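**Q** Sequence:
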Amino acid sequence: MSELDTRTEAALAAIAATVDLATLEEERLAALGKKGWVSLALKTLGGMSPEERTAAAPAIQAARAAIAEALEAKKAALE
Numbered sequence: 001m002s003e004l005d006t007r008t009e010a011a012l013a014a015i016a017a018t019v020d021l022a023t024l025e026e027e028r029l030a031a032l033g034k035k036g037w038v039s040l041a042l043k044t045l046g047g048m049s050p051e052e053r054t055a056a057a058p059a060i061q062a063a064r065a066a067i068a069e070a071l072e073a074k075k076a077a078l079e
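Under the working numbering, the first residue of the sequence shown carries the number 1, and numbering increases by one thereafter.
Hint data in this document are derived by calculation from the structure and do not stem from the laboratory. Where hints are given, some of them may not hold.
Below, a list of computed lysine-lysine pairs in the DSBU-like style, where the Cα atoms sit at most 30 Å apart [to be verified]:
1) K34 <-> K75
2) K43 <-> K75
3) K35 <-> K75
Have a look at the derived ranges for each label pair, beta carbon to beta carbon [stated by the list, open to error]:
4) E69 <-> E26: 15 to 21 Å
5) E25 <-> A62: 18 to 24 Å
6) T23 <-> P50: 38 to 44 Å
7) L29 <-> A59: 20 to 26 Å
8) E26 <-> L4: 26 to 32 Å
9) T44 <-> A10: 15 to 21 Å
10) L29 <-> P58: 22 to 28 Å
11) A13 <-> P50: 32 to 38 Å
12) E69 <-> G47: 25 to 31 Å
13) D20 <-> T54: 18 to 24 Å
What you are looking at is a predicted structure, and each value in this text was computed from that prediction instead of being measured. Glycine is no exception: its CB is placed at the ideal position from the N, C-alpha and C atoms.
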């Protein structure tokens, strides 16, 4: 799950560095959009064994929650 952690940290850093709402929306789509990397990671859960899924699902959900929180906070700060 190190790749997940790395991508999450990079997304959080990019969100923190965002200076306008348009760029913030681009970051949201890149991570949480239909074709975003978090959405794609969630889609891989179906092909995993139950043991793998038990380990991976909470980590992916935590990454999604952290990014969503950061996006919401940054959006409020920019508005």
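**Q** Look at each hint and say if it fits the structure.
**A** Hint check:
no., hint, in the structure
1, K34 <-> K75, "20 Å, holds"
2, K43 <-> K75, "27 Å, holds"
3, K35 <-> K75, "21 Å, holds"
4, E69 <-> E26: 15 to 21 Å, "18 Å, holds"
5, E25 <-> A62: 18 to 24 Å, "23 Å, holds"
6, T23 <-> P50: 38 to 44 Å, "40 Å, holds"
7, L29 <-> A59: 20 to 26 Å, "22 Å, holds"
8, E26 <-> L4: 26 to 32 Å, "21 Å, violated"
9, T44 <-> A10: 15 to 21 Å, "19 Å, holds"
10, L29 <-> P58: 22 to 28 Å, "24 Å, holds"
11, A13 <-> P50: 32 to 38 Å, "34 Å, holds"
12, E69 <-> G47: 25 to 31 Å, "28 Å, holds"
13, D20 <-> T54: 18 to 24 Å, "40 Å, violated"
Hint compliance for this structure: hints 8, 13 are not met, and every other hint is.
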